[in-house]
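Peer 1: Each chain is listed here by its residues.
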Amino acid sequence: MTETNKLTPPATAGSTATPNGAAAGETLLEVKDLKMYFPITSGIIFQRKVADVKAVDGVSFRVKRGETLGLVGESGCGKSTTARAILQLYRPTAGSVQFEGKELTKMGGNELRRMRRRMQMIFQDPYASLNPRMSVGSIIGEPLLIHGIAKNKKERQERVQELLRIVGLNPYFINRYPHEFSGGQRQRIGVARALAVEPAFIACDEPVSALDVSIQAQIVNLLEELQDQFGLTYLFIAHDLSVVRHISDRVAVMYLGRIVEIADRNELYENPLHPYTKALLSAVPIPDPVVEAKRERIILTGDVPSPVKPPSGCNFHPRCPIAIPECKEIIPPLEEKTPEHFAACIRV
Amino acid sequence: MASNTMAQVQAIDQPALKKVRVRTFGDRLRRGIFTHAPATISLFVIIFFALVAIFAPLIAPHDPIKVDIIKRLQPPVWQGGLPGYILGTDQMGRDVLSRLIYGTRVSLQVGFFATIISVVLGATLGIIAGFYGGRLDDIIMRLNDMQRAFPFLVLAIAIIAAVGQGLDKLIIVLGVFGWSNYGRFVRGEVLGLREKEFVEAARTIGASNARIMFQHMLPNVTSTLLVLSSFSVAALIIAESSLSFLGLGVPLPTPSWGNMLSDGREYMETAWWLAIFPGIAIGIIVLAVNVLGDRLRDIFDARTTL
Numbered sequence: 001m002t003e004t005n006k007l008t009p010p011a012t013a014g015s016t017a018t019p020n021g022a023a024a025g026e027t028l029l030e031v032k033d034l035k036m037y038f039p040i041t042s043g044i045i046f047q048r049k050v051a052d053v054k055a056v057d058g059v060s061f062r063v064k065r066g067e068t069l070g071l072v073g074e075s076g077c078g079k080s081t082t083a084r085a086i087l088q089l090y091r092p093t094a095g096s097v098q099f100e101g102k103e104l105t106k107m108g109g110n111e112l113r114r115m116r117r118r119m120q121m122i123f124q125d126p127y128a129s130l131n132p133r134m135s136v137g138s139i140i141g142e143p144l145l146i147h148g149i150a151k152n153k154k155e156r157q158e159r160v161q162e163l164l165r166i167v168g169l170n171p172y173f174i175n176r177y178p179h180e181f182s183g184g185q186r187q188r189i190g191v192a193r194a195l196a197v198e199p200a201f202i203a204c205d206e207p208v209s210a211l212d213v214s215i216q217a218q219i220v221n222l223l224e225e226l227q228d229q230f231g232l233t234y235l236f237i238a239h240d241l242s243v244v245r246h247i248s249d250r251v252a253v254m255y256l257g258r259i260v261e262i263a264d265r266n267e268l269y270e271n272p273l274h275p276y277t278k279a280l281l282s283a284v285p286i287p288d289p290v291v292e293a294k295r296e297r298i299i300l301t302g303d304v305p306s307p308v309k310p311p312s313g314c315n316f317h318p319r320c321p322i323a324i325p326e327c328k329e330i331i332p333p334l335e336e337k338t339p340e341h342f343a344a345c346i347r348v
Numbered sequence: 349m350a351s352n353t354m355a356q357v358q359a360i361d362q363p364a365l366k367k368v369r370v371r372t373f374g375d376r377l378r379r380g381i382f383t384h385a386p387a388t389i390s391l392f393v394i395i396f397f398a399l400v401a402i403f404a405p406l407i408a409p410h411d412p413i414k415v416d417i418i419k420r421l422q423p424p425v426w427q428g429g430l431p432g433y434i435l436g437t438d439q440m441g442r443d444v445l446s447r448l449i450y451g452t453r454v455s456l457q458v459g460f461f462a463t464i465i466s467v468v469l470g471a472t473l474g475i476i477a478g479f480y481g482g483r484l485d486d487i488i489m490r491l492n493d494m495q496r497a498f499p500f501l502v503l504a505i506a507i508i509a510a511v512g513q514g515l516d517k518l519i520i521v522l523g524v525f526g527w528s529n530y531g532r533f534v535r536g537e538v539l540g541l542r543e544k545e546f547v548e549a550a551r552t553i554g555a556s557n558a559r560i561m562f563q564h565m566l567p568n569v570t571s572t573l574l575v576l577s578s579f580s581v582a583a584l585i586i587a588e589s590s591l592s593f594l595g596l597g598v599p600l601p602t603p604s605w606g607n608m609l610s611d612g613r614e615y616m617e618t619a620w621w622l623a624i625f626p627g628i629a630i631g632i633i634v635l636a637v638n639v640l641g642d643r644l645r646d647i648f649d650a651r652t653t654l
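Protein chains in written order, with this note's numbering: chain A, 1 to 348; chain B, 349 to 654.
Don't read these hints as lab results, they were simulated from the structure.
Treat the hints with care, as some may be off.
[Claimed, not checked] With a cut-off of at most 30 Å between alpha-carbon atoms, the simulated DSSO-like pairs for lysine-lysine come out as follows: (1) A:Lys32 with A:Lys328; (2) B:Lys544 with A:Lys106; (3) A:Lys35 with A:Lys309; (4) A:Lys153 with B:Lys544; (5) A:Lys309 with B:Lys544; (6) B:Lys544 with A:Lys32; (7) A:Lys328 with A:Lys49; (8) A:Lys35 with B:Lys544; (9) A:Lys328 with A:Lys278; (10) A:Lys278 with A:Lys49; (11) A:Lys49 with B:Lys544.
If you're wondering where the values come from, they're calculated on a predicted model, not measured in any experiment.
Kindly produce the complete structure, drawing on both the sequences and the hints.
Peer 2: Here it is in structure tokens:
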């Protein structure tokens, strides 16, 4: 693995001091050479490992306090797995995850559970991420109970109602059950649950992909408001490039378990370097029929290779329009090509 | 859109809310049962039988095991039997009503306590097997298979022979043997639940394994578990009778609905009242348990509007 541990660019001009009093630009999360392999086993009694699904294969980046890092890529490229490995929902195969200066990968169960107060997650499917048997009050109140945040039942209820109000729901909904809500409302409940522990960092795993377009905007705006109000730091995963562009300060592009390009949002969208990023961005439709008709699309040939047996060298080379023979040999490091713009390609 | 959410965010500074009472599960339970007539009746039927069992010595008109051969096989009073023996007497001259009242004790205890043991054991082992998977799952499920492959009566004879007869031992044997169905069912459900996002969400907020298993997964299987277990109450009352018949259940003179039923079978043509009354009693309690169980299933399902 020649993946560099080079530092990702400092925070963009957009991020300012956070209400927590912490200085903006301070590194909140540092991921180094993160690998998440899922073993494929065969055999009935004596199981042996026959292969690995290399879902995440050496990912490194930094997230500054108060900023939003967007993570984009096709389905199955390891975006969600990266988020789960950072939060230690999956224990990573290798690599390090430092959060507020503490190494998460070596933490035991109890220590890790305490860390959950600082980092949270918002899930993709608002229909699956809320327990159908629990009332809204107990769903949002549970983190308060687990971490002993509210002193008694009364205080917990007040806090839950306040959280409901913060996410724009009626505070009198505490006795209702998830099935009584629409997708957007459920996602707000999920946001309230994540906010309950007053975290510093929230990994948003495609939080709007399952929602209606009109509702998507509401949730994205809510997330932005909350970020301003509580000084939150987001890792925002999506496959919708325009949503990512809207909310992110910086954007990282993933392909087959690796980050191929990472840069400031505007820099990345206006001046993509990596051929995969270019192809990805060329797929975004333009809402103007005249321009749209003339839009040049880069159509990639073939399918995404299997993460069980990724191609040698640069794993994008079989589909890359500008590949040269060396691409099969060299795993391209994520290098700073122009200031604060990193790409993993030997051809740019 | 943006101004909308902004307004909501600012809403935090508003004055305190007026009180909302948090509805507890107890509220839902009360509401669910008492707004539903069949369930209410069933509940009272079960309470009635329980009281009969508890106060049997005060209610029963005669000694249930006192033999009086002269008064044998008397029909119920409305069929011209002896006054004071409302439901007639059996082949040994014992009062059927008194035996029925005392029999409630054995039958209800076996039916309910053995079911509770089975469900608790089966649900716990099933959740553990499904949740942890791997070796633990293999061990628990192979144990389950072994037990299923083994004839119940043979095992019961072996255990009773080793530990001796008695109601408590009978309940434990029936209860422990009954776990396999629940265990298998719960494990299967948990395997499906384990992949659900809400379980991952629970982990994210810092829930322990025990909390995930018993607060998040268990409530999602209780409905089906309740229906399954309400059937088993009936099955166990009958199972007790077949074990008693083989001399493995409660020691003989002690009446139970099951052994009254099996004794009475021989006299079906000449003295119908011996088998009919315990049969009716079993029928009523089974019906009550099933109706209540079905209603409880609805109550546990959050989607039901009560």
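Peer 1: Each hint should be assessed against the structure and marked as holding or not.
Peer 2: Here is what the structure says about each hint:
1. For the hint pairing Lys32 of chain A with Lys328 of chain A, the CA-to-CA distance comes to about 24 Å; that is within 30 Å, so the pair holds.
2. Between Lys544 of chain B and Lys106 of chain A the CA atoms are separated by roughly 26 Å; this keeps the pair inside 30 Å, and the hint holds.
3. Straight-line distance between C-alpha atoms of Lys35 of chain A and Lys309 of chain A comes to about 15 Å, which keeps the hinted pair within the 30 Å bound.
4. The hinted pair formed by Lys153 of chain A and Lys544 of chain B meets the criterion: a straight-line CA distance of about 28 Å does not exceed 30 Å.
5. The suggested pairing of Lys309 of chain A with Lys544 of chain B holds, with an alpha-carbon distance near 28 Å, which does not exceed 30 Å.
6. Restraint check for Lys544 of chain B and Lys32 of chain A: the C-alpha separation of about 29 Å stays at or below 30 Å, so the hint holds.
7. With a C-alpha separation of about 27 Å, the suggested pairing of Lys328 of chain A with Lys49 of chain A holds against the 30 Å cut-off.
8. Of the pairs offered as hints, the one joining Lys35 of chain A and Lys544 of chain B holds, with about 24 Å between alpha carbons and a cut-off of 30 Å not exceeded.
9. With a C-alpha separation of about 20 Å, the suggested pair Lys328 of chain A and Lys278 of chain A falls inside the 30 Å cut-off, and the hint holds.
10. Between the alpha carbons of Lys278 of chain A and Lys49 of chain A the distance comes to roughly 37 Å, so the proposed pair goes past 30 Å and is violated.
11. Pair hint Lys49 of chain A plus Lys544 of chain B holds up; C-alpha atoms about 26 Å apart against a cutoff of 30 Å.
Of the numbered hints stated above, the single one contradicted by the structure is hint 10.
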